[in-house]
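Peer 1: Residues per chain are reported as follows:
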Amino acid sequence: MNIPITLEATNNTPTAFQVATRRVRSRAAECTDGYMSSETSTQQSRSLKGEGCEWESVIGLEVHVQLATKAKLFSGASAQYGAKPNSQACAVDLAFPGVLPVLNREVLTMAVRFGLSVNAHIAQRSIFARKNYFYPDLPKGYQITQFEHPIIGRGTLPVITEDGRNLSIGITRAHLEEDAGKSLHDAFNTMTGVDLNRAGVPLLEIVSEPELRSAAEAVAYLKTLHALVCYLQICDGNLQEGSFRCDANVSVRKKGDPQFGTRAEIKNVNSFRFVERAIDYEIARQIQILEQGGTIVQETRLYDSVKNETRSMRSKENANDYRYFPDPDLLPVEVSHAFIEEVAATLPELPWQKRLRLQQEYALSEYDANVLTSNKTLCDFFEEALAHTKASAKITANWVMGELSALLNKNNLSIEQSPISARALGGLLSQLADNIISGKIAKTVFEKMWASGEEAVVIIEREGLVQENDSAALEKVIDELMLANPSQLAEYRSGKDRLFGYFVGLVMKQTAGKANPAQVNALLKKKLKG
Amino acid sequence: MTLSIKKVQETAYLARIAMSEEELNRCHHEIEQIFTLIDQLQAVDTQGIPPLAHPQASQQRTVPDEVTESDQHEKFQALAPAKQLDYYLVPQVIE
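These protein sequences, in sequence, are chains A and B. For the first sequence, my numbering begins at 1 and goes up steadily by one. For the second sequence, my numbering begins at 1 and goes up steadily by one.
Hint data in this document are derived by calculation from the structure and do not stem from the laboratory. Take these hints with a grain of salt, some might be off.
Stated by the list, open to error - Per label pair, the in silico range of CB-to-CB distance: (1) 75/B x 430/A: 56 to 62 Å; (2) 421/A x 75/B: 43 to 49 Å; (3) 307/A x 58/B: 50 to 56 Å; (4) 347/A x 30/B: 52 to 58 Å; (5) 341/A x 44/B: 36 to 42 Å.
Quantities reported herein were computed from a predicted structural model and do not represent experimental measurements. We put the beta carbon where it would ideally sit given N, CA and C, even for glycine.
Isolated chain B (complex conformation) (with noise of 0.2 Å):
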């Protein structure tokens, strides 16, 4: 499979992550290599093998539904850089 560096730049984009031309292409040869690796895998044959979601063969584990968490908003808001009446202050978002 080959991959565009224009595909390399949109995933960038996505992941909110800025990279230079020199960035850019080093990333695309890294993850084309990745994606032989990938081919080689896909090569296998699959048929009749349900998807795997989680290498440990295990189950989630639950536990009940009661509240143990008490309010630590003064610690935790210690650490924003912006607040105010108690809520988290961010850059204005507009759509």
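Same shape as in the complex, but just chain A (with noise of 0.2 Å):
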């Protein structure tokens, strides 16, 4: 069970593992540079010549979503997060004797929604199963899930990688399943605490082809899933709370092998950026051993993100002989050929939908169109912004992407608790385009309303930041400037252009920054000629 562990404990040269990092490239070999450090270069280069093979790394991911339903898969508890300990865990859930599962309805609909919006094969008839295995956490004894059946057969998600690539993964299949309840290790002494509020939530496990390649391409992916289940409402994609939990199985081969290599399951990563970590590090692991003329063990190992690094979890050798069976408590499920009709015609714009029809409707860059599609409630309140205002889509999507972005960053706030409406910048981006405030107006009013909360119209209003627009108020205020600096007017026409800046500023400064900019410039250029 501890051999890999071993391996990695022996090895006092970390050269291979270092030139094996380089060699396929992966951030892994930033994370352990350090670790490296003391290697002088004349060893790397001397375990680069004598290893003449490139690595490749072969990642397929099973992704456990939370379907957002009301009620268990096959009870009627809440399966609402976050409720008081054992407070959502009934009779059946609890696996009481003479209990009987009964299916959520809800769950059918969301699985279909899913398989449809993949392309996917929808299995009219499923079969649930059960999975035999002993743990505090799952009181029946089994778990009910598709084994031989899934609802979902194979698919196709459409994934653009951050440097731009498009790639085609294979989605393998997408079943149904119960979760289990929670264990709390720490808190009581000898003892082990148990939280079955979890247990029967309803998950959609979806899994993947192994045709990612890295683990940047296993986040694009990742990061593809996620946006496509919040858009079709059937997850909350909240992953603090687990709502879409990620397992990796990761192998590495020698680039060109038609063969895959043994392959290791990381357990359970739930946020993006250390499952990409994960496995970086994994794969140099892999690479390190096969390099030293070991062997990769099958087995789950865990990810530590405080140490950086996966460990053996428990081997897959013996123990995990599942014995499914098809579950007597349930009959086969079936999805009508009208059942999936009906839910096709419910499917909502897809993000890879959205994003051609961004590009092609308001002639956004496909740069734009992929940031605002990322997140459905981000691109829902650039629409809804855009709705109500007269500024252009290009400055609307600048303005949701960067100022309120940026603020909403700093404040650790997500879209949805904006305290600025999408309305309520329609309206402040509406006076930008009726030149009522300048550029760097309308940045004060913005941040006025997120502290406020009041209406644009409002702030600009009560505090007089309307741009002035009096070309007769702007000659007098350029007239007596031109009169109060008379030797820097002489430079500025015996051709000191430089000074027209000098000028631009007293101005913007007598005006206190309400000058409309453009008719400064002209008016200016105008009056300074002489």
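Using the supplied hints, reconstruct the complex from the two chains, each of which is provided in its own coordinate frame.
Peer 2: Quick look at the structure:
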């Protein structure tokens, strides 16, 4: 069980490790650079020459998506997160004698929604099975899941990587299953506390093909999938609360080798950043072992985010014989053609469809469209703001992705928690589009809106921030300034062009920033010429 | 199909059933007899017949997504051998 750990521990010459990480150009190399710093460059290059092969990593992901139902998969207990321990675990969840599971209809709709969105095969007949194992947070002694006949079959997820590559990642299957309870190991001295509120909460496990070739690709896949299930409104997407959890199957092989290497499974990493680090670490670990002539043990490993390493969790050699068999308490699930059609009719616009529409309809760049559609709420916010403004789509997008997102990030708020509503932002941008305020003033007003929750017009009127568009008044200001600065005026007229900026500054100061910059430029140019 | 005693032992372990040697032997014998029956069944030509998941020729009934259960943890926990702060307590589980 601890063979891999021993291999790590006895490795006093990390050169191969370092070289390996360099070769796959993974971020693990960066992470381990400190650890490697005592090695000399000659050692590195010698090792590079010695080993003539390149490594390729093969990654498949299993994502557990918690379905956003009110009740549980097979009982009428609430599935809501965060309740008092065991207050939402009923007789069915606790496996009391004589109880029977009854299927929650909504999960079928949700599973089919997902299936349709990734163009997957939808099984009109699927079967629930029992997966048998013993653990205190699993009262029945088995988990009800789908094994041989999942509800969703093969599909495809279109993914755009951070460096702009278009991937098409195969979905192997997606099946319905119930979650287990939660164990609390540290709170009760020599005992383990068990909270069964989560037991029976519906999950959709989405399994990808082993088609991802780097940690970065895996993260791009996860982000796309996360956005998708949020768009479909089948999951609340809350990573902290475990609504979207990921296991990664990682193996490496020599580039060009048609066979897959032995894989290790990394369990339950619940942030995108940690998934990337855990996979990078695991790739480097496996390459190191293989280059030293060792073999990879098929096992489950747990990622430790504090130490940035994966550790062997339990051996999969003998213990995991789950003895699956069809659950006699549950009949085959049938999904009619009419039902699938019905669900298809309610399918929302999908992220990749929306991305295309934003580019076509609003002439936004691919980058802008990508950022905006990465999060459904963000995109809804943008479109609502746009519906309530006279400003252009580009200006509105810039404000949503720029000023607004920056301030939200700074205050650690999500778009849902924005103190400025989409409508209010639209209102502000209308003032800008109508030349009532300048861009500079707009930022000031924006900050005041953020703090007070007031509408832009209210702030602009009360604080007298209306842009000065009265050219007669502006001319008067300029005339006075020219009189007050005769020497600068003379210098400008004798060819010192850069003094133009000096005069612009004076006008802005005199008008408290309210002058229309374009008008100031035009008038100044005319007047200064004399 | 023949079954080794070791296999019976492993299966007993997976099901967390402690068995004496005598029980193992008896169980081994009984299971072997069941296997004989299975062999007989497997001799039947089932080509082209879809596997049967449930003897009842019907489909799973569903209920609407509604919370129908109330909090009864006090009643349930009255049966628990150990509890604290609303948690069920079990001997510490360490992997």
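Peer 1: Could you run down the list of hints and mark each one as holding or not?
Peer 2: Going through the hints against the structure:
Taking 56 to 62 Å as the suggested C-beta distance range, the pair residue 75/B and residue 430/A conforms, at roughly 60 Å. A beta carbon spacing of about 46 Å between residue 421/A and residue 75/B agrees with the range 43 to 49 Å that was offered as a hint. At about 53 Å, the CB distance of residue 307/A to residue 58/B agrees with the hint of 50 to 56 Å. At about 54 Å, the CB distance of residue 347/A to residue 30/B agrees with the hint of 52 to 58 Å.
The beta-carbon spacing between residue 341/A and residue 44/B, approximately 39 Å, falls within the hinted interval of 36 to 42 Å.
Comparing the model with each numbered hint stated earlier shows that all of them hold.
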